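Going down the list, the sequences are from chains A and B. Here this note's numbering is used: the first residue of the first sequence is -12, the next is one more, and so on. Here this note's numbering is used: the first residue of the second sequence is 1159, the next is one more, and so on.
Keep in mind that the hints are not guaranteed to be accurate.
What the hints assert, rightly or not - Under 8 Å between C-beta atoms, here's a sample of chain B residues computed to sit facing chain A:
#	residue
1	I1207
2	K1208
3	K1227
4	S1230
5	G1233
6	P1263
7	T1264
8	L1278
9	V1279
10	N1285
To be verified - Heads up, incomplete: computed chain B residues facing chain A, CB under 10 Å, no partners named:
#	residue
11	K1216
12	N1217
13	Y1218
14	G1220
15	V1229
16	M1235
17	V1236
18	G1250
19	L1251
20	S1252
21	I1253
22	S1257
23	G1277
Hints were generated in silico from the structure; no laboratory data involved. Given the structure is predicted, the values throughout are model-derived calculations rather than measurements. For every residue, glycine included, the Cβ atom is placed at its ideal position computed from N, Cα and C.
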Amino acid sequence: MKQAKTKLIIVIIVLILAGIAPNLFPYALAGNATLSSLATKYLIPSAALIFIITFINFLLKYKDLNHQIYNGILAGLIGTIGLEIIREIGFRMDWMPGDLPKLMGVLLLNRFADGPSFWSNVAGWAYHFWNGAVFGIIFSLLLGRGKTWMGMVYGFLLGIGFMISPVTRSLGIGAFGFGFRDGYQFIITVTLAHLAFGGILGMIIYKMNKEKPNIVKRIQSAFNNKQKSVS
Amino acid sequence: MQQLILHKTLFKKNKIMKTQKLKGSVLLFATILMLGMAGFTKSVNAQTIKPVVVKSSKNYDGTISAIKKAVSGGGMMVLSELNQGKVLSMTGLSINAHSFFIGNPTVGKEAFSADPSVGLVIPVRINVYEQNGAVYVNYFKPSDLFSSFNNAKVKMLGEKLDSKLAMMMKMISM
């Protein structure tokens, strides 16, 4: 039970750390700080801490927990490829107001007025894929094995969250992008892209997270003396 | 007698021609004068475009912070900043002054597609400065600046930006 409690605490810490990166972009675009300063203070440290924790897990022989985290990262990265295929098609069709990874890149390197460069593009894409990875970690740790349809619901909710975030407001297209072009292009592209992300994520996690507990089972295991502890 | 009549006729014709010439000259002169006045008035108007000045209800740092939030809330982004106070400190001048260049990519795309020369006035510049203990925000109304462009779309965008900036200034002066 002690081990179950320790793992639960580690899961909670990792969930908090994973939640930091995706929130920095909307926080910055809400005018609270520059994305470059937030990246230095929070993005890089949170990412580093996640990997430090996986190293600690390795030392503590919590292989299963590490597998769950790594599965989430891998599934999230692959899911982001699926999202990108749709987003890129949408952008080429002029169904998106801009190239989001490039925008994130210029903001990360504080060079908006100079436009994108090779390194800002690298930074932007890295941040974009890292967001996919941490959303994968969150899904993997919260839902355990889950199912494909759960991944799609998850992706759909992420898309909604994005569309009502300060990002759409500061881009001048309003919530759900209704202010962009004819009002439907943005919402369709973003929704489909996030459904693709979630579907791929859900499918991979389902295959890779066999016998991995979800957060509810972990809580039950940590506080229930009678129940078998989660391995 | 016939010669007299002919002379009188010729004289009348001459007089009519002279009168017509005079009328034509006067008309031409009036036209030139009116065109000149219109041009002069236009240039006078251009010279008399005055910036909008808003007194902030916050201190200097609070105003800077409020501008950033107001810009985001107004559907725009801070594309670039110039901390003039900090730059000028290198000259020995101690002053609080900061310029923001604001816009958003969607509006920018529309404007530049309509007329690439709008780069002269886009992004919109907002200036924050401290004077006699009070903090002010000033800017030129986009519609005033954009009216110089011979493009209906650009002018329309200028008016749209006017209302966005006015809304932002309300948030700062509250």
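Have a go at the S1257 (chain B) hint: is there a Cβ in chain A nearer than 10 Å to its own Cβ?
-> 12 Å, violated
Once the shortest beta carbon distance from K1227 (chain B) to chain A is found, is it less than 8 Å?
-> Result: holds, 4 Å to nearest chain A Cβ.
Would the stated hint for G1233 (chain B) survive a check requiring a Cβ distance to chain A of less than 8 Å?
-> It holds, given that the least Cβ distance between G1233 (chain B) and chain A is near 4 Å, below 8 Å.
Report holds or violated for the interface hint on V1279 (chain B), using the least CB-CB distance to chain A and a cut-off of 8 Å.
-> Violated - the Cβ of V1279 (chain B) stays beyond 8 Å from chain A, reaching only about 16 Å at its closest.
Quick one, is the L1278 (chain B) hint okay against chain A at 8 Å, beta carbons?
-> 15 Å, violated
Does G1277 (chain B) pass the interface hint, meaning its C-beta sits closer than 10 Å to a C-beta of chain A?
-> With Cβ-Cβ at 12 Å, over 10 Å, it is violated.
Hint check: 10 Å Cβ-Cβ cutoff, I1253 (chain B) to chain A = 23 Å, violated
Going by Cβ atoms only, is P1263 (chain B) closer than 8 Å to chain A?
-> 5 Å, holds
Answer holds if the nearest beta-carbon of chain A is closer than 10 Å to that of G1250 (chain B); otherwise answer violated.
-> 27 Å, violated
Do the numbers back the hint for S1230 (chain B), that is, is its least Cβ distance to chain A under 8 Å?
-> Given a least distance of 4 Å, the restraint on S1230 (chain B) holds.
Minimum beta-carbon distance criterion (8 Å), I1207 (chain B) to chain A = Hint on I1207 (chain B): violated, closest Cβ of chain A at ~25 Å, above 8 Å.
May I ask you to test the interface hint for S1252 (chain B) with respect to chain A, counting a Cβ-Cβ separation under 10 Å as satisfied?
-> Violated: closest Cβ of chain A sits about 25 Å from S1252 (chain B), beyond 10 Å.
Hints 1, 2, 8, 9, 10, 11, 12, 13, 14, 18, 19, 20, 21, 22, 23 from the earlier list are contradicted by this structure; the remaining hints agree with it.
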